[in-house]
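There are 2 protein chains.
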Amino acid sequence: MTLTAPTATIGLDIAAEVAAQLRVDSIRSSTSAGSGHPTSGMSAADLFAVLLTRHLRYDWDDPRSPENDHLILSKGHASPLLYSLFKAAGAISDDELMQGYRRFGQRLQGHPTPALPWVDVATGSLGQGLPDGVGIALAGKYLDKRPYRVWVLCGDSEMAEGSIWEALDKASYYQLANLVTMVDVNRLGQRGATDLGWDLDTYARRAEAFGARVLVVDGHDLNAIDNAMATAADPSGDRPTVILARTIKGRGFSEVEDSNDWHGKPFPPDMAERAIRELGGERHLTVRGPRPEPSSVDGSSPSSGPAARPVTTQPTEPATPARYDLGQKVPTRKAYGDALVALGAQNPRIVALDGEVSNSTYAFEFARAHPGRYFEMFIAEQQMVAAATGLAVRGYRPFASTFAAFLTRAYDFIRMGTVSGVDLCLVGSHAGVEIGPDGPSQMGLEDLAMMRALDGSTVLYPSDATSTVALTQAMAVLPGISYLRTTRGKYPVLYPDGESFPVGGSKTLRSSDQDEVTLVGAGVTLHACLAAADTLAGEGIRARVVDCYSVKPIDSGAIAAAAATTGRIVVAEDHRAEGGLGSAVKDSLVAGGRALPSLVHLAVRGMPGSGSSKEQLAWAGIDGDHIASAARHLVHG
Amino acid sequence: MTLTAPTATIGLDIAAEVAAQLRVDSIRSSTSAGSGHPTSGMSAADLFAVLLTRHLRYDWDDPRSPENDHLILSKGHASPLLYSLFKAAGAISDDELMQGYRRFGQRLQGHPTPALPWVDVATGSLGQGLPDGVGIALAGKYLDKRPYRVWVLCGDSEMAEGSIWEALDKASYYQLANLVTMVDVNRLGQRGATDLGWDLDTYARRAEAFGARVLVVDGHDLNAIDNAMATAADPSGDRPTVILARTIKGRGFSEVEDSNDWHGKPFPPDMAERAIRELGGERHLTVRGPRPEPSSVDGSSPSSGPAARPVTTQPTEPATPARYDLGQKVPTRKAYGDALVALGAQNPRIVALDGEVSNSTYAFEFARAHPGRYFEMFIAEQQMVAAATGLAVRGYRPFASTFAAFLTRAYDFIRMGTVSGVDLCLVGSHAGVEIGPDGPSQMGLEDLAMMRALDGSTVLYPSDATSTVALTQAMAVLPGISYLRTTRGKYPVLYPDGESFPVGGSKTLRSSDQDEVTLVGAGVTLHACLAAADTLAGEGIRARVVDCYSVKPIDSGAIAAAAATTGRIVVAEDHRAEGGLGSAVKDSLVAGGRALPSLVHLAVRGMPGSGSSKEQLAWAGIDGDHIASAARHLVHG
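Protein sequences, first through last, are from chains U and Z. First residue of the first sequence? That's 0 in numbering that gives the first Met the number 0, and the numbers climb one at a time after it. First residue of the second sequence? That's 0 in numbering that gives the first Met the number 0, and the numbers climb one at a time after it.
Watch out, some of these pointers could steer you wrong.
Note that identical chains are pooled: a pair holds if it fits in a single copy or bridges any two copies.
[As the list claims (entries may be wrong)] Straight-line Cα separation of at most 27 Å, DSS-like style, residue types lysine-lysine; simulated pairs: (1) 613 - 489; (2) 144 - 333; (3) 328 - 140; (4) 613 - 144; (5) 264 - 144; (6) 264 - 333; (7) 333 - 613; (8) 264 - 140.
By construction, these hints were calculated from the structure, which means they are not laboratory data.
Can you make the complete structure from the sequences, with help from the hints?
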């Protein structure tokens with residue numbers, strides 16, 4: 000049977016059948032896979048049935064339509080429920096559900112990912128689906144200006160994650176009436192009761208205090224759910240809606256209802272059979288709920304929108320990149336701001352976000368030039384990265400910045416960004432001990448290691464304004480997670496305007512046939528390498544100097560050539576000794592498999608305190624004097 | 000003038016003088032240093048003056064006294080205020096304040112750290128001081144059972160961090176009436192207004208909804224502050240208290256009051272002079288407020304408690320470590336749980352925390368055996384690490400566990416743990432693609448890189464139950480951050496009971512004089528290396544097998560010997576290619592500076608999906624077949 004709304008709106012009697020089907024299919028799929036979380040979906044099956052049949056505006060034949068509502072399963076472990084919904088919508092077959100779930104090489108993974116065209120973001124690390132949804136809702140309201148709604152199903156366990164409250168805070172600040180959060184309050188987590196159990200009053204007070212319109216329902220009363228969703232979908236308000244649904248885990252199968260023993264366990268076949276019988280047997284309904292309402296946005300056809308994540312590269316204004324004079328002292332963070340302004344003028348899909356430090360990262364320059372495309376995230380780095388993720392889902396190219404140190408706050412969100420396959424440009428300022436008196440809490444010292452370890456990431460660390468501008472431009476079309484590390488202090492411009500800086504390349508700033516040692520730096524240590532080369536030259540030691548502005552991928556060719564020619568390398572970085580530039584150089588040398596040069600790796604070891612930038616670099620042993628000394632020692636033995 | 004309470008309780012007239020002194024000294028110290036945040040302290044000076052003179056029970060001559068109240072400056076950038084309070088308490092001299100602040104080699108750093116004996120935890124990454132305070136309050140109420148209070152000063156900007164709400168959620172769940180949060184609502188952040196400005200009603204609703212008793216005051220009305228603190232200090236309730244103080248940034252100097260332009264800037268000398276004049280000039284009061292009330296805890300002398308962070312190693316019960324039979328299949332996560340139970344029996348200062356996955360990490364075994372020392376943190380990994388930090392401040396040895404993947408959520412807290420110098424044992428289960436069908440969101444693939452990059456960290460990755468028990472025991476006395484990585488599946492016990500596993504060591508499981516290649520593994524890949532060695536032996540290739548259970552520090556001697564003897568190394572790891580075991584091996588080889596062996600590094604490249612453990616390991620190219628193939632290729636060339 001196939002039903003389509005709104006030609007004839009589907010009745011709640013049908014929704015009830017769909018709910019039973021979702022439960023049965025959640026059981027069938029997980030039992031067939033031998034793993035999965037059926038009971039976590041059974042509690043929310045009524046919510047999903049009413050949503051699918053009567054409220055979710057979605058063209059299942061065109062998942063990339065820009066008019067579609069968005070549906071995010073924040074409690075990603077309830078994937079059997081989501082996939083059963085896809086079957087009920089006719090998007091996947093029963094065969095795929097039964098034979099593909101959690102199997103190798105299949106797209107119905109244990110937790111949802113955008114390997115499926117109806118999935119916007121990967122979930123499974125709890126407390127991330129809602130923050131991601133905030134990003135999509137921001138795009139809908141402020142950039143796309145389309146009437147789609149964002150529906151997010153959260154579990155009650157994940158309400159303990161602070162990121163949920165960052166999300167609601169921002170959703171109310173930005174008046175995201177297009178965002179509907181459904182909370183499946185089944186009172187049970189993985190290992191027992193949640194801290195609030197069925198205390199819906201407390202959840203309601205919290206969500207209201209964070210600015211949401213709260214609707215509390217019995218999550219198994221289809222009428223109540225329907226009314227709440229109708230209210231939530233009313234776009235006239237200025238508040239996000241939170242539907243708190245009191246539910247029963249394992250609902251529909253009396254043997255497991257409200258039981259603590261059945262989290263994350265498929266039913267054995269005999270139990271599954273009893274459960275399906277109790278639920279009235281298998282069903283194979285296909286239902287199509289409301290279709291998207293065509294919007295009247297200029298220049299966009301409602302039925303054939305752009306692909307979900309286009310990167311529009313056509314310029315709207317002539318590019319006016321910043322230019323700097325050689326020798327002029329400019330902080331790379333300032334050059335980043337300048338470059339971003341120009342990029343924004345070139346490409347209307349560039350957006351920027353910052354964690355309340357835009358006057359330090361220089362993102363404020365973009366905010367001033369392109370205020371409609373700047374989103375202040377205040378001091379909420381997790382939400383900043385999640386919002387960037389949601390904006391990327393809608394085809395925007397986000398640049399998100401804060402101090403490099405504080406990007407560690409969002410590492411789980413960045414990691415999940417790689418699973419989602421989104422293209423995010425992250426920028427960390429105030430790298431290393433160079434920042435001076437503020438002390439170690441403000442120093443990015445682990446950021447290169449953290450970013451290099453991500454699948455498919457790009458890590459860039461320019462030393463001057465010209466290269467910063469070029470690399471910022473390069474980032475705007477890089478796939479996956481790209482990271483730009485900027486420096487606090489002012490350093491001289493080394494490269495003339497127009498010089499090219501390919502990702503994966505390097506620059507050799509000093510070289511001769513008589514080079515006895517190679518000095519490898521990036522960012523602030525590149526300037527120290529140049530100073531060291533001058534010192535060494537005065538002593539008759541010729542030193543090659545290589546600017547490894549591309550830390551990942553690294554320029555293995557240049558490093559191998561330097562190693563072969565000079566036989567000695569000093570690599571200096573304003574970062575911990577593990578996982579950063581030195582590791583990249585060493586990985587490259589070992590992979591090259593040729594004779595190893597003598598190598599000294601200067602990095603930040605021990606815990607810094609306060610002091611001037613000069614004092615800090617000297618203390619860490621990464622200034623020109625220490626680099627020269629290391630090189631001298633290598634050359635003279 | 001020196002005043003001491005409670006012999007004669009210090010009056011609010013004196014508190015007013017102290018407040019003026021704190022403002023003047025915040026200005027003097029930051030102007031003298033040429034950097035710092037005077038205005039961020041001036042808003043909270045009245046709060047600190049009343050607290051110091053009339054409510055903070057503290058023996059300034061014995062900062063390690065276990066009876067002392069605790070004071071945490073969560074808004075760490077207001078350090079001039081805190082250091083001015085230390086001067087007012089007579090703990091530091093005016094000379095140190097004027098000549099030491101933010102200077103190289105000095106302890107009055109830009110943001111507070113425990114380099115100062117009156118500072119419990121490093122702050123400066125916002126939103127962490129309160130979560131840390133929850134850990135100290137947990138210790139006070141449930142473990143120390145002493146009447147000390149924990150006073151935390153938060154800025155209003157940091158209320159945007161989700162971690163603040165994780166902290167209040169846990170503070171109310173654990174009924175921490177001994178925790179008082181003061182929020183300095185000066186409405187201005189670094190670059191402009193906060194998202195809630197002076198909307199104290201909304202802050203109040205939020206804090207109340209999260210279970211706090213909320214007191215709203217004019218933060219410059221000493222009487223109101225005094226009354227609120229007296230109420231907050233009343234231990235009869237069961238709720239944490241939040242004092243919301245409406246304040247003015249830069250209060251006391253009319254030129255900068257409520258100005259957006261003076262965040263994080265010291266006043267130039269002429270302005271400082273005008274400010275000090277407006278504030279009535281310099282003062283050099285020394286005031287001692289209430290002393291701690293001796294508690295009647297058994298066996299503890301009120302005046303000479305243990306050092307702040309003792310590691311008690313004396314056993315209270317005979318050790319009964321778990322033992323396993325060779326070849327028995329045991330998940331290392333289970334062995335961790337067993338080991339922790341035994342450790343808990345040996346040492347009463349061992350405590351455990353988990354993020355609502357204790358039945359997966361096996362922390363539940365400790366919870367069952369030692370329920371009084373187990374703290375369920377629900378799904379709030381940031382708060383889990385912060386609570387562990389606070390417990391460590393009070394001399395307990397916390398073991399905090401969750402999935403390895405989800406420790407990325409707490410990276411900023413772990414990083415700050417290194418600045419605080421606390422000893423934390425972190426345990427990540429479900430490492431790598433080995434977990435099978437759950438998919439990439441649940442796979443720890445960046446954890447080794449993240450943990451290795453931390454200053455002074457130790458990273459351990461055992462392959463069997465016996466070594467897991469030994470390394471868990473070793474962790475309990477390691478300084479700094481130590482990390483144990485455990486595996487989901489069952490693998491055979493390789494080592495007999497009683498075998499020793501020194502940190503920094505390795506085990507060579509197969510070796511002969513004819514070894515042509517060395518296979519290096521850890522955790523699950525060690526078993527794959529053994530399988531590969533068997534395959535290779537059948538082909539007449541002798542392979543050495545090294546178990547690098549200690550990833551940091553790594554056994555450089557064993558690796559150098561293997562490289563020298565066999566000339567060929569295959570290293571395989573269930574982790575990304577950057578920053579993990581392979582990096583550690585390569586770093587070691589390069590540091591050795593000898594002839595480089597031929598090396599193949601097998602690691603997880605690309606994005607996995609679902610599948611069985613066997614399928615995943617094969618897909619990633621890190622199973623026995625791939626290791627054997629890589630070795631064969633190296634040998635036959």
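Quick rundown of the hints versus the structure:
In this homomeric assembly, residue 613 and residue 489 come within 27 Å of each other (Cα to Cα) only inside a single copy, at 12 Å, whereas the closest approach across copies is 53 Å. In this assembly of identical chains, residue 144 and residue 333 lie within 27 Å of each other by CA distance neither inside one copy nor across copies; the values are 32 Å within and 52 Å between. In this assembly of identical chains, residue 328 and residue 140 lie within 27 Å of each other by CA distance neither inside one copy nor across copies; the values are 41 Å within and 55 Å between. In this assembly of identical chains, the alpha carbons of residue 613 and residue 144 never lie at most 27 Å apart, being 50 Å within a copy and 47 Å across copies at closest.
Taking the shortest Cα distances, residue 264 and residue 144 never come within 27 Å of each other, neither inside one copy (42 Å) nor across copies (40 Å). In the homo-oligomer, the alpha carbons of residue 264 and residue 333 lie at most 27 Å apart only across protomers (19 Å), although the nearest pairing inside one protomer, at 53 Å, exceeds that limit. Proximity of residue 333 to residue 613 under the C-alpha cut-off of 27 Å is restricted to the intra-copy arrangement: shortest distance 20 Å within a copy versus 50 Å between copies. Taking the shortest Cα distances, residue 264 and residue 140 never come within 27 Å of each other, neither inside one copy (40 Å) nor across copies (37 Å).
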